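Trainee: Letter by letter, the chains look like this.
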Amino acid sequence: DQQVKQNSPSLSVQEGRISILNCDYTNSMFDYFLWYKKYPAEGPTFLISISSIKDKNEDGRFTVFLNKSAKHLSLHIVPSQPGDSAVYFCAASAGTGTASKLTFGTGTRLQVTL
Amino acid sequence: EPEVTQTPSHQVTQMGQEVILRCVPISNHLYFYWYRQILGQKVEFLVSFYNNEISEKSEIFDDQFSVERPDGSNFTLKIRSTKLEDSAMYFCATKPSGHNNQPQHFGDGTRLSIL
Chain A
1 DQQVKQNSPS LSVQEGRISI LNCDYTNSMF DYFLWYKKYP AEGPTFLISI
51 SSIKDKNEDG RFTVFLNKSA KHLSLHIVPS QPGDSAVYFC AASAGTGTAS
101 KLTFGTGTRL QVTL
Chain B
1 EPEVTQTPSH QVTQMGQEVI LRCVPISNHL YFYWYRQILG QKVEFLVSFY
51 NNEISEKSEI FDDQFSVERP DGSNFTLKIR STKLEDSAMY FCATKPSGHN
101 NQPQHFGDGT RLSIL
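Protein chains in written order, with the numbering used here: chain A, 1 to 114; chain B, 1 to 115.
Hints in this document: simulated from the structure, not taken from any laboratory.
None of these values were measured; they are calculated from a predicted model.
Honestly, I wouldn't trust all of these hints.
To be verified - Pairs of lysine-lysine residues, derived as DSS-like cross-links and limited to a Cα-Cα distance of at most 25 Å, are as follows: (1) Lys78(B) with Lys57(B); (2) Lys37(A) with Lys42(B); (3) Lys42(B) with Lys5(A); (4) Lys42(B) with Lys57(B); (5) Lys68(A) with Lys54(A); (6) Lys5(A) with Lys57(B); (7) Lys83(B) with Lys71(A); (8) Lys71(A) with Lys37(A); (9) Lys54(A) with Lys71(A); (10) Lys83(B) with Lys42(B); (11) Lys42(B) with Lys68(A); (12) Lys56(A) with Lys37(A); (13) Lys54(A) with Lys37(A).
Could you put together the complete structure from these sequences and hints?
Mentor: Structure (structure tokens):
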């Protein structure tokens, strides 16, 4: 079941540059998309989300873009900082109520180098 | 900032034994979830819980699994007779209401090791 896919298992970016993490989905019922950040030995930490009625959401250094026709979303981090080094998970849900379980991608490990 | 708290952080159990994993949700959150992540694999949904009953469960959540909120605060996941393949990180997540446009907040997980 590959409803949410992150095709890049890892990404290395220099400090100060832009990090772009990508995610594709196949289920057209998904209407809410989230990015979580995960450090080792910790749980996923919510970073930013976007509803399917929007195509962009920005929060400080983090911006999420949604292209519904391509079933693609991306997370931009500008400027990247060493503390951003973590595994980033894309997740999606559909509908309201507790039916809104999250379906996760496999994650992308971001390494921000000095 | 309020947190979801999970205990224990690590549980080592013999195959066939029962385990109970505990979660204290964020106060005033009403919707609860369990997920698991087998080493090297993606985070997978197990079960969702609202108003003291299961709302949805995945194929993974078979008769060996159960959830309850025994005292109105803790939210527990019980595995009745553990198998080797139950070894994984188990994450509890909660959110305040049923509105879809709200993120779920995760605890730091319990690492379950079945010997």
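Trainee: If a hint holds in the structure, say so; if it doesn't, say that too.
Mentor: Do the hints match the structure? See the list:
1. Of the supplied pair hints, the one linking Lys78(B) and Lys57(B) holds, its CA atoms being roughly 14 Å apart against a limit of 25 Å.
2. Taking the CA atoms of Lys37(A) and Lys42(B), the gap is near 14 Å; set against the 25 Å cutoff, the hint holds.
3. A C-alpha spacing of about 10 Å is found between Lys42(B) and Lys5(A), which places the hinted pair at or below 25 Å, so the restraint holds.
4. For the hint pairing Lys42(B) with Lys57(B), the CA-to-CA distance comes to about 17 Å; that is within 25 Å, so the pair holds.
5. Restraint check for Lys68(A) and Lys54(A): the C-alpha separation of about 9 Å stays at or below 25 Å, so the hint holds.
6. In summary, the hint linking Lys5(A) to Lys57(B) is supported, as the alpha carbons are separated by about 22 Å, within the 25 Å threshold.
7. For the hint linking Lys83(B) to Lys71(A), the alpha-carbon distance of about 38 Å lies beyond 25 Å, and the restraint is violated.
8. For a cut-off of 25 Å, the pair hint linking Lys71(A) to Lys37(A) stands: about 21 Å separates their Cα positions.
9. Distance check on the hinted pair: Lys54(A) and Lys71(A) sit about 13 Å apart at the alpha-carbon level, within 25 Å; holds.
10. A threshold of 25 Å between alpha carbons decides the hint, and for Lys83(B) with Lys42(B) the separation of about 19 Å falls inside it, so the pair holds.
11. Of the pairs offered as hints, the one joining Lys42(B) and Lys68(A) holds, with about 23 Å between alpha carbons and a cut-off of 25 Å not exceeded.
12. A hinted pair counts as satisfied when its Cα atoms are at most 25 Å apart, and Lys56(A) with Lys37(A) qualifies at roughly 19 Å.
13. Distance hint between Lys54(A) and Lys37(A) is fulfilled; the C-alpha atoms sit about 22 Å from each other, no more than 25 Å.
Of the numbered hints stated above, the single one contradicted by the structure is hint 7.
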